[in-house]
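S.K.: Sequence:
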Amino acid sequence: MQYVTNSANDRLHAICEREWTWRREQFAGYDDEDSQGQPADHLPHVDVTTQIRRAAYWSDVLQTLGYIPEHELDDDAAIDLAVHRTQVEALLDGQRFRTWEMPLNGDSAFWSDLGFTARRPHHSLAELEQYLGQLRDIPRYFNEQIDNMRAGLARGFSVPRVTLDGRAASLTPFFQSHGAEDNLFFTPLRNLPGPLEAGDGDRLRAEACRIIQHDVMPAYAHLHDFLRDVYVPQARPTLAAADLPNGEAYYRAQIRRFTTLDMRPADIHAIGLNEVELLHDEMEQTIARTGFKGGFRAFLDYLRHEPRFYATSAEQLLKQAAWIAKRVDACVGDFIGRLPRQRFAISPVPDELAESYTSGRGGPGMYLLNTSHLSSRPLYALTALTLHEASPGHALQMSLAAEMEGLPDFRRLVHLSAYTEGWALYCEKLGVEMGLYETPYDHFGYLAYQAWRACRLVVDTGIHHYGWSREKARNYLRDNTALSEIEVCSEVDRYIAWPGQALSYYLGMLCITQARARAEQALGARFDLRHFHDAILAQGSVPLPVLERSVDRFIAQHAHRHD
Numbered sequence: 001m002q003y004v005t006n007s008a009n010d011r012l013h014a015i016c017e018r019e020w021t022w023r024r025e026q027f028a029g030y031d032d033e034d035s036q037g038q039p040a041d042h043l044p045h046v047d048v049t050t051q052i053r054r055a056a057y058w059s060d061v062l063q064t065l066g067y068i069p070e071h072e073l074d075d076d077a078a079i080d081l082a083v084h085r086t087q088v089e090a091l092l093d094g095q096r097f098r099t100w101e102m103p104l105n106g107d108s109a110f111w112s113d114l115g116f117t118a119r120r121p122h123h124s125l126a127e128l129e130q131y132l133g134q135l136r137d138i139p140r141y142f143n144e145q146i147d148n149m150r151a152g153l154a155r156g157f158s159v160p161r162v163t164l165d166g167r168a169a170s171l172t173p174f175f176q177s178h179g180a181e182d183n184l185f186f187t188p189l190r191n192l193p194g195p196l197e198a199g200d201g202d203r204l205r206a207e208a209c210r211i212i213q214h215d216v217m218p219a220y221a222h223l224h225d226f227l228r229d230v231y232v233p234q235a236r237p238t239l240a241a242a243d244l245p246n247g248e249a250y251y252r253a254q255i256r257r258f259t260t261l262d263m264r265p266a267d268i269h270a271i272g273l274n275e276v277e278l279l280h281d282e283m284e285q286t287i288a289r290t291g292f293k294g295g296f297r298a299f300l301d302y303l304r305h306e307p308r309f310y311a312t313s314a315e316q317l318l319k320q321a322a323w324i325a326k327r328v329d330a331c332v333g334d335f336i337g338r339l340p341r342q343r344f345a346i347s348p349v350p351d352e353l354a355e356s357y358t359s360g361r362g363g364p365g366m367y368l369l370n371t372s373h374l375s376s377r378p379l380y381a382l383t384a385l386t387l388h389e390a391s392p393g394h395a396l397q398m399s400l401a402a403e404m405e406g407l408p409d410f411r412r413l414v415h416l417s418a419y420t421e422g423w424a425l426y427c428e429k430l431g432v433e434m435g436l437y438e439t440p441y442d443h444f445g446y447l448a449y450q451a452w453r454a455c456r457l458v459v460d461t462g463i464h465h466y467g468w469s470r471e472k473a474r475n476y477l478r479d480n481t482a483l484s485e486i487e488v489c490s491e492v493d494r495y496i497a498w499p500g501q502a503l504s505y506y507l508g509m510l511c512i513t514q515a516r517a518r519a520e521q522a523l524g525a526r527f528d529l530r531h532f533h534d535a536i537l538a539q540g541s542v543p544l545p546v547l548e549r550s551v552d553r554f555i556a557q558h559a560h561r562h563d
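Counted from 1, the sequence shown has number 368 at position 368 by the working numbering; the numbering is strictly sequential.
Please note that a few of the clues may not be correct.
[To be verified] Quick list of in silico lysine-lysine cross-link-like pairs, DSS-like style, CA-CA up to 30 Å:
#1 Lys-319 <-> Lys-472
#2 Lys-293 <-> Lys-429
#3 Lys-293 <-> Lys-472
#4 Lys-472 <-> Lys-429
#5 Lys-326 <-> Lys-429
Keep in mind the hints are simulated off the structure, nothing from the lab. None of these values were measured; they are calculated from a predicted model.
Produce the entire structure from the sequences given, and follow the hints as far as they go.
M.R.: Now the structure itself:
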């Protein structure tokens with residue numbers, strides 16, 4: 001790569017901008033919360049030739065980044081380098097370990113992501129034409145994914161078999177609908193904007209019906225049969241990431257990817273055991289405040305079976321979440337100075353995803369609540385869930401990052417798990433200071449959620465490093481959290497099929513809470529919580545070591561400030 005500028009800042013920005021543009025072209029047509037794919041009339045190519053080309057490109061980018069003299073960069077550019085290098089290293093690790101041969105995990109899959117594209121509003125003729133082009137491309141896209149999955153099976157690189165129950169069946173609504181107009185992928189054509197309805201409406205609907213009938217439905221049927229008849233029966237019987245080809249190195253790479261830290265699994269496991277013990281003591285104290293007479297396990301059993309702690313309808317659960325969100329609106333400005341312009345909607349998780357979906361998920365403009373199995377969705381935990389997924393958690397933080405002026409797109413739009421999940425879990429803790437846990441049961445729900453994430457440090461490393469069985473992992477969650485039985489089972493399967501991701505939450509939160517404690521001690525009366533949170537949020541999504549350095553700068557800037 002050749003550059004005409006001599007400034008280290010300019011050279012770095014040229015590399016980052018070029019790679020980001022190339023990355024968006026590579027993932028063109030793929031719709032996810034990171035916005036790494038540019039709009040297109042096709043889906044990404046995932047064939048082996050493309051994957052080899054990506055590995056070569058990102059290897060070259062990393063080598064070129066190594067030539068940048070870091071001591072010549074200003075503070076902002078130094079952060080750009082750290083963030084960009086972390087992203088590219090994770091992308092290159094994925095290529096080295098051929099993770100494209102396992103394009104599904106315990107949370108999502110390449111086919112389920114397309115459902116969100118179908119639900120996204122399409123306002124113009126150009127957007128709808130692109131959407132129809134993506135539908136036409138589904139057979140080619142699925143066939144390439146199937147080829148990759150076959151290659152993974154051949155070398156023992158697959159999702160564990162025990163986590164795949166129901167995955168094939170979840171595809172049936174996409175090819176067994178009564179007709180094309182009843183199919184999910186017809187959704188954008190049902191209510192067209194007025195000018196489109198008058199002009200191209202009939203043509204677009206007819207074309208959509210033809211594509212769904214002749215391309216989409218057969219592709220989903222073919223994928224269903226492959227999963228049912230080939231992939232599930234041949235998927236590996238083991239659980240641990242360490243049992244995969246080059247598994248120990250793969251698990252360490254996943255730890256780096258999701259936590260932005262190069263930590264040993266044994267050290268993470270020890271942190272988790274200690275944190276669970278500390279939280280258990282606080283949970284016992286909270287149980288005493290409720291007046292409950294009985295031990296810890298008896299209290300958990302009481303919570304799991306007492307009807308007053310559960311909504312009787314999906315509408316009740318959604319309304320309660322909305323009320324909590326409005327209570328947050330009343331006080332969030334006292335804790336965060338700069339708030340995003342974008343608001344968020346509260347919606348139920350789509351039916352075809354709900355069975356294996358998590359309790360809730362937030363992001364820019366949305367907060368999804370799982371309204372299935374209401375007897376497993378406790379109201380006493382809803383405040384913590386809303387703080388995490390909605391505001392001031394994901395829906396606020398991700399929207400605010402997208403609105404930050406002066407940050408490059410790869411910092412505004414890409415979300416590093418350790419930062420985003422760490423911030424969201426920190427927001428659950430912030431709910432105590434915000435006065436949002438009104439009853440001892442609400443406070444216990446918060447602690448139970450904290451314990452759940454601390455348990456993830458133990459269970460994830462237990463499964464993937466120490467070789468825990470599925471039942472041992474489930475028992476650990478049963479004994480140390482208030483999760484319902486269905487959540488215990490779904491969560492353990494999520495950790496089994498998604499190594500390392502579960503570690504990002506608690507390690508990220510610990511980084512923020514420890515950084516705050518350091519700032520409070522250093523600044524004393526000069527410490528301002530709103531300014532501290534603004535400094536954390538202004539960076540966009542950054543690796544945890546960068547977050548720590550940014551807090552050091554915050555301390556230095558405010559140490560001699562005269563208000």
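S.K.: Is the hinted pair Lys-326 and Lys-429 satisfied, with a Cα-Cα distance of at most 30 Å?
M.R.: 18 Å, holds
S.K.: If you draw a straight line from the CA of Lys-472 to the CA of Lys-429, is it 30 Å or shorter?
M.R.: It holds: about 28 Å lies between the C-alpha atoms, which stays within 30 Å.
S.K.: Would you mind confirming whether the straight-line C-alpha gap from Lys-293 to Lys-429 stays at or under 30 Å?
M.R.: Roughly 27 Å separates the two Cα atoms, so the pair holds.
S.K.: Lys-293 and Lys-472: Cα distance at most 30 Å?
M.R.: OK: Lys-293 and Lys-472 at ~29 Å, within 30 Å.
S.K.: Lys-319 and Lys-472 were given as a pair; does the straight-line alpha-carbon distance stay at or below 30 Å?
M.R.: Not satisfied, since the Cα-Cα distance of roughly 37 Å exceeds 30 Å.
The structure is inconsistent with hint 1 alone, although it conforms to all the rest.
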